[in-house]
Amino acid sequence: MSTPPTKPAVNRYFGASVTRNEDPALLTGQALFVDDLVLAEMWHAALLRSPHAHARIDSIDVTAAKARDGVLAIYTAADLGDFWRPAPLVVPPPPIPGMVFNQRTQVPLAKDKVCYAGEPVALVVAESRYVAEDALGDIVVDYTSLPVAAELATAASDEAPEVHEGLAGNVAAHVHQSKGDYGAATAGAATVIRRRFTYEHGMAHPMETRGVAAQFDRKTQRLTVWATTQAPASLRGGLATLLGLGERDVRVVAPFVGGGFGAKLLMYYPEELLVPWAARQLGRAVKWIEDRGEHFLATTQERGQIHDAEMALDEDGRILGIRDVFLHDTGAYNPYGLTVPINSQCSILGPYDVPAYDSTFTAVFTNKPIVAPYRGAGRQHGVFVIERLMDIAARELGIDRAEIRRRNLIAADAFPVKHEIMFQDFTELTYDSGDYQPILERALELIGYDKFIAEEQPALRAAGRKVGVGIVCYIEGTGIGPYEGARVQIQTNGRIAVATGIGTQGQGHFTSFAQIAADWLGVSAREVDVTTGDTDQFYWGAGTFASRGAVVAGNAVNQAAAAVHDKAVTLAAEHFGCAVTEIVLEDGVARRSGAPDEPIGLGDLARLANPMRGAVKPGTEPGLEATRYFGPESGTTASGAHAMIVEVDPETMMIEIRKYVVVHDCGTAINPLLVEGQIHGGVAQGIGNAFYEQLVFDNDGQLLNGTLADYLIPTSLDVPRMTLDHTVTPSTRNELGIKGVGEAGAIPVGPLFAQALEDALELPSRGVDIVEIPLSPNRLWELNSSEPSSTSDGD
Amino acid sequence: MMVKLLTVSTRVNGTDYKRVVEPRLLLSDFLRHELGLTGTHVGCEHGVCGACTVLVDGLPMRACLMFAPQVEGCEVMTVEGLAPRNSAPRNSAPRNSAPKNSTTDGDLHPLQAAFRDAHGLQCGFCTPGILMTLTAFLEANPTPDEAEIREALSGNLCRCTGYQHIVDAVLAVTRPRDGGTRS
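Those protein sequence lines, which keep their order, are chains Y and D. Letter by letter, the first sequence follows residues 0 to 794 in numbering that gives the first Met the number 0. Letter by letter, the second sequence follows residues 0 to 182 in numbering that gives the first Met the number 0.
Pulled out of the complex, with its shape left as it was, chain Y reads as follows (with noise of 0.2 angstroms):
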């Protein structure tokens, strides 16, 4: 090609609320989720899972179950063959110096004990799920119960029960970074604020549980893979390897899915693996849906965390260092590596300068399902560290809490900020660009910080009212590597195919995608069909992930449709007979500007770059189509503030929040209406945690809120009508400039409830500080009716 890609002056679609190409689809239930497919010859599993957390399996007998009519087959590990083995660690651990880690992979099927009550032990397969939930109940499996290591505090205790034999003090993970001499940095300080923190985080519970349906072809080999999956290349891989087959005979689709949020990518959930090698051994098609129950103890989940942090200020309150020493409960198993606890280790940094800090982190497994990143992964916990930390000090040395807020916050001139310390994404923890001050002093205007502590606070209390106001900054490291690909092609109809490797679960990319290609190529963003999530349209892809999926694949999306702008111009330069710089792509023709020529359209330029017959020049490629990949050299930084004003009843301790405001820097939005959308879903599922939702576990290691009437997930009465506004420092890390939004929301809600009802309550004035989220309404109750907290031993 000989002159680079120039794009049209103008964007019609980059940038703008478009509504989304998938609506309508999803509105007349005509999309296609993976419950939803009929296959020839297709039967239904289901699997029986362990009532125990921690046992011993003495005995399985399937005789009865096999009996039963209608059931076709039954599995248990030992029928397993070779096909039985631990799973490969998904993200191995950044090589961090010194670092311990243990791994504990997931089986598919519980072979000689159970880890977890959920954990899977047989697999059934019958004509209908009914059957096959039936004859469950056939099969007789004796246990001897062990000793569980439940809870994460004393799971941690060297004499606590193993979950997995030989590993004392159940220790995954055993993590130290530091950033300058923390001893050093804070030895003049003015005050030490220490505190113990506990932060749980719950379930994503998307609304479409899990689900897979697999075919394996006898006539072409080939396996054919329908998944709820956020991360289909990356399963395809796998399953291959694992079943023994090629790569190419492998097929993964993510079809429409119904909500992912982290908890829709483990590779390899047991039921990812057992469903496809059952469709393969039987030569029939076979599919596994969760139900709610199952989804509750199967799939991942975020827990708990207990840090011991300390923040070293001096008198004008700027933080000197914090030092912080915490535990994470990881579950049974430790597939994500330190995923999370490190994403928990790096985001305590938060947007403000801190010049030394000092972190240790010890990843606990326990007799409880398995953590793995849920929407923030990790970062929620982190973030209410700092945040708390920064409340407390406040308090003591009687600075506002926006003010010293103000004061420590990275200055604009300061990036990149590097911070020495690794991130998940195994570089150094580095923020690309950012400029915190304004987001700040937006937020505090929009929810009238200053007026409501000057004026309407004291009015509503003298009325007795129990009202507070709370501001949160944060920041979230998104958008980070390996690379995402994207295939974009006009096709002779003169549409436009854009194929992509990574899933979607709601988050728009149809459209977004369709919006970065049409501009490009000068047709509407309805003309432009996006694939993504099936193996066989694009083969190279990591998964969406890590709010990642817009800036890695978009930005690939952009290149490609750039290098077949290219293509298009270069051909109907040719055909007119002109210079390429002569040529408009616009409203799906290519048109010599100024001269009179009858413009031809982009399906026939697509014909014309495909000849039947005759001869090309050499080195030629066949059609407008181009692939290009990116891999971004590091993640980008996305920032915000969150503000509240909230009431609380004295009476029921319920809550009201009377207003609700995001202030959010994403970079340059692909598509202002969806990046609402995410925004406020994410606030839904950070007021979930940080009021409403707690698994809560008995000492055995039981669920004891298993089903959606006991577990609440907020309704349309909880969340509160928001308001947003957007401050835009484009990114470094990419050409268009774009940061990731699908986890900001989520991100430091639970802080801002803990400041906001303390104001509330007016705890601080009798001596309780709220150290621990979620919260709910007899939370409220015992923290408002109890005596000055042991905790407060600061300085």
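Derived from the structure by calculation, the hints contain no laboratory data. Among the hints, erroneous ones may be present.
[Stated by the list, open to error] Across the chosen pairs, the derived CB separations fall in these ranges:
1) N140/D <-> E444/Y: 51 to 59 angstroms
2) D78/Y <-> N140/D: 53 to 61 angstroms
3) V139/Y <-> E21/D: 19 to 27 angstroms
4) D709/Y <-> N140/D: 48 to 56 angstroms
Just so you know, even glycine gets a beta-carbon here, dropped at the ideal spot from N, CA and C.
Using the hints provided, position chain D relative to the given structure of chain Y.
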């Protein structure tokens, strides 16, 4: 063990169906797997999430909490019946995941169009149940305020949107002149 089968005769989205089923077959499974009307989604199977909501004789019901034989002689409406031109049972052959724009604006019910315009859905899994809940609600209360909309919506869980754009969609469709507010 032989189970006594029951015959169900019911009208769904204006089409009459007669099927012989096990008494324990859930209405949600009947609609989805016997009739191929997979627009009705199953989110929890214990009556909390509301994704499977359909209209039975005009009233919103959780299809996962009813047995198929209970709709004997009833009229059922599912999301496929909202916009008339889409009411035929879907071709059940697996399709490519890419959404083609086979459905034009004219094929959408005004509430469906409002959801699209306000970005009232993300993954879209809970959406059919929400549309059916709101259809019955707006029939009874054509000009609700935001508090009434939120109350009506509170039996349907959505994990993606935070509800604000859903409320906006309803406000827009009930106040087409001045439009909904969107912050």
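CB-CB spacing for N140/D and D78/Y relative to the 53 to 61 angstroms hint: 57 angstroms, holds
In this structure, is the beta-carbon distance linking N140/D and E444/Y contained in 51 to 59 angstroms? 37 angstroms, violated
Is the hinted range of 19 to 27 angstroms satisfied by the C-beta distance from V139/Y to E21/D? 25 angstroms, holds
Given a hinted range of 48 to 56 angstroms, is it respected by the beta-carbon distance of D709/Y and N140/D? 31 angstroms, violated
This entry does not satisfy hints 1 and 4, going by the numbered hints stated previously.
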